[in-house]
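S.K.: These are the residues of each chain, in order.
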Amino acid sequence: MMGLTRRNLLKGAAATAATAGLGFPLIGRAVPKARVVVVGGGYGGAIAAKYLHMADPEIRVTLIEKNPYYVSCPLSNEVLSGERDVASLTFNYRGLTRRGINVMQDEIVEVDPEQRFVRGSSGNRYNYDRLIISPGVDYRWDAIDGMSEKVAEQIPHAWKAGPQTLTLRKQLEAMDDGGVFAIVAPPNPFRCPPGPYERAAQVALYFSHHKPKSKILIYDSKDAFSKQGLFQAGWKEHYGDMIEWVSGANGGIIEGIDPGNRQLIGEVDEYPADVINLIPHQRAGALAQIADLADDSGWCPVDQRNFESSLKPNIHVIGDACIAGAMPKSGYAANSQGKVCAAAVAAALNGETSPAPSYVNTCYSIIAPDHGISVAGVYELKDGQIVSVPGAGGLSPADADARTKAVEVQFALGWFANITSDMFT
Amino acid sequence: MNPSSSWHAPEVYRPGLDGPRMLFAACVLMVAASQPSLASDVRSASMLANTCAGCHGTDGASAGEYMPTIGGLNKDYLSEVLVDYKTGLRSSTIMGRIMRGYSDQEIRAIADFYANQPWVSNDRIADASLIHAGAQLHEELCVSCHEDGGRAQDDDSPRLAGQWAEYTNYALENCRAEGRGCSPRKMGQRVMNLSDEDLASLSRYYEGEK
Numbered sequence: 014m015m016g017l018t019r020r021n022l023l024k025g026a027a028a029t030a031a032t033a034g035l036g037f038p039l040i041g042r043a044v045p046k047a048r049v050v051v052v053g054g055g056y057g058g059a060i061a062a063k064y065l066h067m068a069d070p071e072i073r074v075t076l077i078e079k080n081p082y083y084v085s086c087p088l089s090n091e092v093l094s095g096e097r098d099v100a101s102l103t104f105n106y107r108g109l110t111r112r113g114i115n116v117m118q119d120e121i122v123e124v125d126p127e128q129r130f131v132r133g134s135s136g137n138r139y140n141y142d143r144l145i146i147s148p149g150v151d152y153r154w155d156a157i158d159g160m161s162e163k164v165a166e167q168i169p170h171a172w173k174a175g176p177q178t179l180t181l182r183k184q185l186e187a188m189d190d191g192g193v194f195a196i197v198a199p200p201n202p203f204r205c206p207p208g209p210y211e212r213a214a215q216v217a218l219y220f221s222h223h224k225p226k227s228k229i230l231i232y233d234s235k236d237a238f239s240k241q242g243l244f245q246a247g248w249k250e251h252y253g254d255m256i257e258w259v260s261g262a263n264g265g266i267i268e269g270i271d272p273g274n275r276q277l278i279g280e281v282d283e284y285p286a287d288v289i290n291l292i293p294h295q296r297a298g299a300l301a302q303i304a305d306l307a308d309d310s311g312w313c314p315v316d317q318r319n320f321e322s323s324l325k326p327n328i329h330v331i332g333d334a335c336i337a338g339a340m341p342k343s344g345y346a347a348n349s350q351g352k353v354c355a356a357a358v359a360a361a362l363n364g365e366t367s368p369a370p371s372y373v374n375t376c377y378s379i380i381a382p383d384h385g386i387s388v389a390g391v392y393e394l395k396d397g398q399i400v401s402v403p404g405a406g407g408l409s410p411a412d413a414d415a416r417t418k419a420v421e422v423q424f425a426l427g428w429f430a431n432i433t434s435d436m437f438t
Numbered sequence: 581m582n583p584s585s586s587w588h589a590p591e592v593y594r595p596g597l598d599g600p601r602m603l604f605a606a607c608v609l610m611v612a613a614s615q616p617s618l619a620s621d622v623r624s625a626s627m628l629a630n631t632c633a634g635c636h637g638t639d640g641a642s643a644g645e646y647m648p649t650i651g652g653l654n655k656d657y658l659s660e661v662l663v664d665y666k667t668g669l670r671s672s673t674i675m676g677r678i679m680r681g682y683s684d685q686e687i688r689a690i691a692d693f694y695a696n697q698p699w700v701s702n703d704r705i706a707d708a709s710l711i712h713a714g715a716q717l718h719e720e721l722c723v724s725c726h727e728d729g730g731r732a733q734d735d736d737s738p739r740l741a742g743q744w745a746e747y748t749n750y751a752l753e754n755c756r757a758e759g760r761g762c763s764p765r766k767m768g769q770r771v772m773n774l775s776d777e778d779l780a781s782l783s784r785y786y787e788g789e790k
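One line per chain: the protein sequences are V and L, in this order. Counting in our numbering, the first sequence runs from 14 upward without gaps. Counting in our numbering, the second sequence runs from 581 upward without gaps.
In isolation and in its complexed conformation, chain V is listed as follows:
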């Protein structure tokens, strides 16, 4: 580790000397202890970069993100109901640059784990001693017949917040009262396990005010889902029979789509709909696939103590892309993993072993403007696996009173204000 750092430094010194034609050593310049490149500026990567810089300011941290802004997936279902606009979910990276983190806009297209560099589509090469990637999810288009990235422009998944969220909102606005909105929920594992079901509630909120004769059908590959009892009770309480969930066992498994006729093709039947939101099968983000960090499952195996890849040394994978034991693929999990990873990388670059980790997940869903629900998890490492601490965590109580349901919405909004402030200030 230190040998490579020194080699990189010497190379840098040689280059400087050659350019300047002078033999001055780098006296008086801040020489970084080590270089860490973080790729992906979302819930995992932004946190890893910030907390690594906080843990050891002598490490030079470069955060590389392909977009100039970040649009949050959490709370983006509220754009579909009209409760919120995309601007309220959009953040920039200036808070991180002010801290002294080098933020670059570039799309990484090459990873060289032997020579330890990544290269951007810009042509820029970024050398690293340790690489942290937080690439999010990618889609398995071939899992559903007739589906493709191109088709998704007309049949939006809206599973990464941004233009597709607005496309779906416009389609819902254009739909006639009495129409059918179909959500296709993917099989496990996938980003944001409660997301499809919160989405159904948020669209029902919009329909209940503007298109009350409409129906929402959720075609699911699964026979159970996150916060199921709380969602089903909340749907009923606020939206009556508007939302219908079709489990995998009851014909919910979708095998194909006829986008021209807006028709879903199930195992046993065909289902027409006026607006379709097909959330595709998922796998680790494209960068993980480019760098061969994923196994046959499509996700990235890691040492769950420090998130170092089991397949490539000195590369850490955090967030939705990694296999993290009992933790769900959520924004808060990525935040927590980013901090554990940052502490481990700082330790490694200081010649220490990874510190004992601690992980948390909290996740809120908003069923109605006065009805929020939550799930929490506290995790520890046991025999190399992230497991739930027995007796901790769990769901909002099913018999919560009206005040508790209402304050959980306020806590959801406070959660959002703080987790994004944790990332971007």
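The set of hints was computed from the structure by calculation and includes no laboratory data. Be aware that one or more of the hints could be misleading.
[Stated by the list, open to error] Which residues of chain V face chain L? A partial, calculated answer using Cβ under 7 Å: (1) Tyr345; (2) Lys352; (3) Ala369; (4) Ser371; (5) Ala389; (6) Val402; (7) Gly404; (8) Gly406; (9) Gly407; (10) Phe424; (11) Trp428; (12) Ala430; (13) Asn431; (14) Ile432; (15) Ser434.
[As the list claims (entries may be wrong)] Here are some chain L residues the structure puts well away from chain V; computed CB gaps all over 10 Å: (16) Val723; (17) Ser724; (18) Gly761.
Computed from a predicted model, the values in this text were never measured in an experiment. Built from N, CA and C at the ideal position, the CB exists for glycine as well.
We have chain V; now place chain L onto it with these hints.
M.R.: Chain L in isolation, oriented as in the chain V frame:
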């Protein structure tokens, strides 16, 4: 309420957050690093405490109105409250579920970490018309424990000055609902007969004291 109107992009840079915290984080690392003989499964204070920041803000300086700022609160006060969440003595929506994941020793480490962070008051501008009545109630009912406009604190009395009014109001409502069952009991006795308007103006008063 309309979430988009109450929500602000967290662009404001708060320089008060930087130096001491970094030093502290570095110290924690150095202490951990200089004692490799410690059992490697003992989790450090920063490792435990950083998991709270996703909901309570970096180093406990909250950016969300219903989430209390916890950085800079009294260590013994924090420790007791967190243990009370764990045992259920203090009611909660989610804190009990989370605190049951930690030993009392770990809870003390978390409390110690946040007690060592600088207090950062919320940055909202006070509306004088909302706080006038609160100032009078404070003098009448609260000042004996919450001295100096709620800036003072000890192991029984948290700092209130500069805390988000929405959170303080929520905590006061909880205490009022519990009446004499509120812990500490004297809090319950003093707030159990206050109106919604009283609680709101008290909360706004403390928020404005910074």
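S.K.: Decide, hint by hint, whether the structure agrees.
M.R.: Quick rundown of the hints versus the structure:
1. Because the closest C-beta pair between Tyr345/V and chain L is about 5 Å apart, less than 7 Å, the hint holds.
2. The beta carbon of Lys352/V comes within 5 Å of a beta carbon in chain L, closer than 7 Å, and the hint placing it at the interface holds.
3. Checking Ala369/V against chain L by beta carbon gives a least distance of about 5 Å; that is within 7 Å, so the hint holds.
4. Hint status for Ser371/V relative to chain L: holds, with the closest Cβ pair at about 5 Å, below 7 Å.
5. Given hint, Ala389/V at the interface with chain L, holds; its Cβ is 5 Å from that chain's nearest Cβ, closer than 7 Å.
6. Because the beta carbon of Val402/V sits about 4 Å from the nearest beta carbon in chain L, less than 7 Å, this interface hint is met.
7. Look at Gly404/V: its Cβ gets to within about 5 Å of chain L, closer than 7 Å, so that hint holds up.
8. Below 7 Å, beta-carbon pairs count as interface contacts, and Gly406/V has one with chain L at about 6 Å; its hint therefore holds.
9. Using the Cβ-Cβ criterion of 7 Å, the hint placing Gly407/V at the interface with chain L is satisfied: the shortest such distance is roughly 5 Å.
10. Look at Phe424/V: its Cβ gets to within about 6 Å of chain L, closer than 7 Å, so that hint holds up.
11. For the restraint placing Trp428/V at the interface with chain L, the shortest Cβ-Cβ distance is roughly 5 Å, inside the 7 Å limit, so the hint holds.
12. Given hint, Ala430/V at the interface with chain L, holds; its Cβ is 3 Å from that chain's nearest Cβ, closer than 7 Å.
13. Interface restraint check: Asn431/V against chain L, minimum CB-CB distance 5 Å, threshold 7 Å, status holds.
14. A distance limit of 7 Å between C-beta atoms decides the matter here; for Ile432/V the minimum to chain L is near 5 Å, and the interface restraint holds.
15. With 7 Å as the threshold, the beta carbon of Ser434/V comes within range of chain L, its nearest partner Cβ sitting at about 4 Å, so the hint holds.
16. Its beta-carbon lying about 28 Å from the closest one in chain V, Val723/L satisfies the requirement of being farther than 10 Å from that chain.
17. For Ser724/L, the non-interface assignment is confirmed: its Cβ lies about 29 Å from the closest Cβ of chain V, beyond the 10 Å cut-off.
18. For Gly761/L, the shortest C-beta to C-beta distance to chain V comes to about 17 Å, beyond the 10 Å cut-off, and the non-interface label holds.
Comparing the model with each earlier hint shows no violations; every hint is respected.
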